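Protein sequence lines correspond, in order, to chains Z and S. Residues 8 to 754 in my numbering are what the first sequence lists, from first letter to last. Residues 70 to 352 in my numbering are what the second sequence lists, from first letter to last.
Each hint should be verified, as a subset may be incorrect.
Stated by the list, open to error - In the SDA-like style, the derived pairs of lysine to any residue whose C-alpha atoms are separated by at most 20 Å in a straight line are: (1) S:K307 x Z:S487; (2) S:K261 x Z:N482; (3) S:K307 x Z:W493; (4) Z:K233 x Z:F297; (5) S:K261 x Z:Y439; (6) S:K261 x Z:D445; (7) S:K307 x Z:F297; (8) S:K125 x S:D158; (9) S:K347 x Z:L432; (10) S:K261 x Z:T669; (11) S:K261 x Z:L440; (12) Z:K93 x Z:T669; (13) S:K347 x S:D158; (14) S:K307 x Z:V495; (15) S:K347 x Z:P436; (16) S:K126 x S:R137; (17) S:K347 x S:T319; (18) S:K261 x Z:D437; (19) Z:K187 x Z:F297; (20) S:K261 x S:Q248; (21) S:K261 x Z:I435; (22) Z:K233 x Z:K187; (23) Z:K187 x Z:N287; (24) Z:K408 x Z:V109.
Treat the hints as calculated values from the structure; they're not laboratory data. Values in this document were obtained by computation on a predicted structure and should not be read as measured data.
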Amino acid sequence: MRNASRHTTFLLLILALGTTVSQAQSLVRGMVHDSETGYPVPLANVVVAGLEGGTATANDGSFRLPVPAGRHTVIISAIGYERVEKPVDTRNGDVSLHINLVPTILLHQEVLVEGAATKLSDPSADNSLQTTEDLMKQIPGVDFIERANFAWEPVIRGMSGGQVGLVIDGVKVIGACVDKMDPTSAYVEVENLKKLELTKGGFDLSKSSQIGGTVNLVTEKPSFDKPFSMSAETGFESASMQRRVRTVVNGSRGNTSVRASLSYRKADDFMPGNGVRITNSGFAKNNTKFDVTQRLGAGHRLSASVLADNAWGVGYPVLLMDATLAKARIYSLSHSWLRQSGAGLLQSSETRLYTNTVDHWMDDYARDVDQRTVMRSMNMPMYGYTRTSGVISETAMRHGKHQMSVTLDAYQTKSFGDMWMFSTLPNIPDMYLLNLGDILVQNAAVSAEYRVPVNARLKARGSVRLDFSHRDVQNETMQSILEGRWGVADLNRNYVVPGISGALEYALGSATGIRLSVADVARLPTHVESYGHYIYNYTDGYFYSGNPDIRPERSLQVELGFERTTEVYGVRASAFANRISNYILGSSDAGLIADAGTYRFRVFDNISAATLIGFEVSGAMQLVPAVDLRGAISYTRGQNLEFDEPLPLIPPLSTKLAVAYTGDRFAAEIESRAAMPQNRVARRAADEDGTDGYFVLNLRGSYTFNDRVAFTAGVSNVFNVYYHEHLSFGNLPALGRNVFGTLSVSI
Amino acid sequence: MTECKQRTFPVVLVVGVLLAGIQSAGCAPDISDTDFYSRHPDPVDAQPTGPVLLEKKAASGVALAVLRNDQVHAGYNELILRAATEGTDEPIVGVSFDVVASTVIDGATYVSPIIDDASPSDAAGEVTLGILFLQPRGSGQSWRIDVSTTIDGAPISFPFDIVVRDSLTVQPFVGAGGQSFFAAWIEPIAPKTGEGPLELAVYRDTGSAFDPVENASIDLYPYMDMGGGDGHSTPFTKPTHTSVGRYAGTINFIMSGGWDLTAYLTIGAAPADTVVFKGFTVH
Numbered sequence: 008m009r010n011a012s013r014h015t016t017f018l019l020l021i022l023a024l025g026t027t028v029s030q031a032q033s034l035v036r037g038m039v040h041d042s043e044t045g046y047p048v049p050l051a052n053v054v055v056a057g058l059e060g061g062t063a064t065a066n067d068g069s070f071r072l073p074v075p076a077g078r079h080t081v082i083i084s085a086i087g088y089e090r091v092e093k094p095v096d097t098r099n100g101d102v103s104l105h106i107n108l109v110p111t112i113l114l115h116q117e118v119l120v121e122g123a124a125t126k127l128s129d130p131s132a133d134n135s136l137q138t139t140e141d142l143m144k145q146i147p148g149v150d151f152i153e154r155a156n157f158a159w160e161p162v163i164r165g166m167s168g169g170q171v172g173l174v175i176d177g178v179k180v181i182g183a184c185v186d187k188m189d190p191t192s193a194y195v196e197v198e199n200l201k202k203l204e205l206t207k208g209g210f211d212l213s214k215s216s217q218i219g220g221t222v223n224l225v226t227e228k229p230s231f232d233k234p235f236s237m238s239a240e241t242g243f244e245s246a247s248m249q250r251r252v253r254t255v256v257n258g259s260r261g262n263t264s265v266r267a268s269l270s271y272r273k274a275d276d277f278m279p280g281n282g283v284r285i286t287n288s289g290f291a292k293n294n295t296k297f298d299v300t301q302r303l304g305a306g307h308r309l310s311a312s313v314l315a316d317n318a319w320g321v322g323y324p325v326l327l328m329d330a331t332l333a334k335a336r337i338y339s340l341s342h343s344w345l346r347q348s349g350a351g352l353l354q355s356s357e358t359r360l361y362t363n364t365v366d367h368w369m370d371d372y373a374r375d376v377d378q379r380t381v382m383r384s385m386n387m388p389m390y391g392y393t394r395t396s397g398v399i400s401e402t403a404m405r406h407g408k409h410q411m412s413v414t415l416d417a418y419q420t421k422s423f424g425d426m427w428m429f430s431t432l433p434n435i436p437d438m439y440l441l442n443l444g445d446i447l448v449q450n451a452a453v454s455a456e457y458r459v460p461v462n463a464r465l466k467a468r469g470s471v472r473l474d475f476s477h478r479d480v481q482n483e484t485m486q487s488i489l490e491g492r493w494g495v496a497d498l499n500r501n502y503v504v505p506g507i508s509g510a511l512e513y514a515l516g517s518a519t520g521i522r523l524s525v526a527d528v529a530r531l532p533t534h535v536e537s538y539g540h541y542i543y544n545y546t547d548g549y550f551y552s553g554n555p556d557i558r559p560e561r562s563l564q565v566e567l568g569f570e571r572t573t574e575v576y577g578v579r580a581s582a583f584a585n586r587i588s589n590y591i592l593g594s595s596d597a598g599l600i601a602d603a604g605t606y607r608f609r610v611f612d613n614i615s616a617a618t619l620i621g622f623e624v625s626g627a628m629q630l631v632p633a634v635d636l637r638g639a640i641s642y643t644r645g646q647n648l649e650f651d652e653p654l655p656l657i658p659p660l661s662t663k664l665a666v667a668y669t670g671d672r673f674a675a676e677i678e679s680r681a682a683m684p685q686n687r688v689a690r691r692a693a694d695e696d697g698t699d700g701y702f703v704l705n706l707r708g709s710y711t712f713n714d715r716v717a718f719t720a721g722v723s724n725v726f727n728v729y730y731h732e733h734l735s736f737g738n739l740p741a742l743g744r745n746v747f748g749t750l751s752v753s754i
Numbered sequence: 070m071t072e073c074k075q076r077t078f079p080v081v082l083v084v085g086v087l088l089a090g091i092q093s094a095g096c097a098p099d100i101s102d103t104d105f106y107s108r109h110p111d112p113v114d115a116q117p118t119g120p121v122l123l124e125k126k127a128a129s130g131v132a133l134a135v136l137r138n139d140q141v142h143a144g145y146n147e148l149i150l151r152a153a154t155e156g157t158d159e160p161i162v163g164v165s166f167d168v169v170a171s172t173v174i175d176g177a178t179y180v181s182p183i184i185d186d187a188s189p190s191d192a193a194g195e196v197t198l199g200i201l202f203l204q205p206r207g208s209g210q211s212w213r214i215d216v217s218t219t220i221d222g223a224p225i226s227f228p229f230d231i232v233v234r235d236s237l238t239v240q241p242f243v244g245a246g247g248q249s250f251f252a253a254w255i256e257p258i259a260p261k262t263g264e265g266p267l268e269l270a271v272y273r274d275t276g277s278a279f280d281p282v283e284n285a286s287i288d289l290y291p292y293m294d295m296g297g298g299d300g301h302s303t304p305f306t307k308p309t310h311t312s313v314g315r316y317a318g319t320i321n322f323i324m325s326g327g328w329d330l331t332a333y334l335t336i337g338a339a340p341a342d343t344v345v346f347k348g349f350t351v352h
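For reference, chain Z alone in the conformation it holds in the complex (with noise of 0.2 Å):
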């Protein structure tokens, strides 16, 4: 009855949102076609935005719209595509239309970002934040784990670290912190971010061995669209005194194209809700970006790219330690190639050679070691660093309406991590720990996408992976230590780990349909997970060691989907349930003696199984033209089967709610965000306490002057409310009330 009540409300609003204008009548008329494929889209929904009524296209993807002679914008969407908006002048007649509409990465992927605007596709999200974080942040499902004001790392549906894939291009970039201080996401400013490419669930088998999401921060590349382009921000936020600029260049001539990024920011110590400001949480940060790229005619490009990030003085006030200096070195080099015309089996290509280097000096000599309750009395500098290369190809195919592509992935990573401990008490001897021992990682793997539209409804997906890793521990030290820990001969491992997916997506009418999708997919183990050794846990405040029998978690999953998408509104429903075994914890470490002092001591280990299980609803309506209302839920709910207890780092159910209005200069948002209090914790797998809710409201607005000049400014956290996110380490607090302002220009 509640249901009927609230389709009738939905339709009168659909109703009244209309206006009708009596005069000549004009035909917009058309084919729409599958950009991919180029066979007929039938039932695409064709609408003209602040008209009533529309059409849709017919099985050979035609369509023919009465529209009064105008100026008019034709809106044509169907479900499994993006959605593609036309402007048309009928003041002289019909207009004929040829659409090619770009399929979504089958059903799965949040994102999509293309152009100057960073857009996420999710109907919910805001699209005016300015940093990599803020704009994952607005998928529903998607959480970060806090450790500062700094680099967060991001948990899908409350899966994170080893069991999400994420990566630069494709790129693999392996922190180098192994308090991971340092997630892959922090490289990537926002002003190189082309495209951000979320998977959510382990349905992407293409980017790495994973089973709860991907992400794929795809960065800007050289446009040959302008001779010459530069772009500048400079922004501010008062919570931190946080301070940034950003500029970008763009040159072509020829068919040789360049591009070069630099931003800066810096950040105070920040100041949560309570007017405590919290110390030793400041940071400052540059990025630098060049890519190169020439055009060799026939569809093939070369392009070469170096990123550079270093963040500096980044403090971590939960932690025991700062960042001293946090240094990624990324190099790329790569070959595309696109078919320009003609029939042919094979589409596109691209290759991509690359390596990066990851430095991390952490060191506490900003602190007061002599009183805290951890490793008190000492100082504790740490260094880790990776080296990894890899190469990463990409093939496309198309026979008639099957398309496949074929994705090549291997590189190798080393790693290593250690610490001095030098102690202020006097007759305690410097101590040296050995965390990571130049640990040796190498993995191939082959994955396979086949897609293919069974008819006109519905469309299929089938997708596998297949990884072989072998990898070892090469510094002789850690060798004898993890041998003998272990009683082990060698520490050499191979794994050969597979993995399959499939989805089928179904359209119920234009502007509806529903998609199933299943998985039964692994990962690997992460190098810390295998042959770590004494890694503090700020979960949990035990030190971990890796197990090198360890085992890959294998994951059986399942999602149903839905997506509505009119004219006026757009809904967009997830429910899935994931059933994980060889769950990779921390249990108790039967090698060492726990002591009468606060050391504990736990290794990584499987448990027999675990479930995750939630829903994601999101969705935007249309409340009056260039008013749009706004609104997400999101909830996840983990289970240990082993322990009968929650999983850990489990995000509790949270909502978004929003009014935004959109004009041609002027636009203007008041949001809320609230969470629900999380008391299903872990207490016995990681001594993990509850969270209080919080509801905080945000305001944001911006002008554009004219092309070139535009102001963005707002205030978050409106009321000043102290409160953390579960997912927070140690608690820490949320920004308070934060003014900001972002003044950007371009020519």
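Once you have looked at the hints, place chain S on chain Z.
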């Protein structure tokens, strides 16, 4: 004019921001000279650097040198005997030595109970000896090492007198039954991080000799005191009796630094005695 200003403003702004960015890009710190970085010693350098000549004697055309890898101390030491032809320093290969080490304690002459040698001499004319010096705690103790051999049918003897300094690797103790004992740390000679053998020796002081204890059971508690009331242990296997007076197990030092090793010795039916090898450094 207005149009010119409209064009100039964004260009100036963009160039200004660009210059600010370029300026800021160079400000990542060079941390190679920060305090902690320069304090990083190379753990490999902390190892002994090589043999040092302790004493050299010659007799019957043979020169015999005693070398050590570390200062000779109470407990188990590795000494090197190097035999060469006097005058030419040509190594004498394939020769074996008889070695007796003795000292006088309270008027009684005690003989070292353990002398492990790797005879015969190698291509460099060298033989490595493992000698256990058991002695009371306190100042250095004088020892006599008699080395004898036969070369070309002629017997040759070399007496060496050395002073053995005190060391925590030998722990004299009075057992629960009232008898005097020595517990000695045999291996590792130079403890280092990682898994390795751990060997202890237990001898009873009869008043005139070191008598091996063959019926001890030993438990351990290795401990690193990290200060501030904190510390931790490390994995090990309990030493078990292997040969005359000797007990072997394994220990896996998970990190370098200062360690204590407490041994709980149960000898026969007597209650357990506690011996602490305190403050040794693991590299």
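**Request:** Would you pick out the hints that fail for this structure and give their numbers low to high?
**Result:** 7, 10, 13, 19, 20, 22
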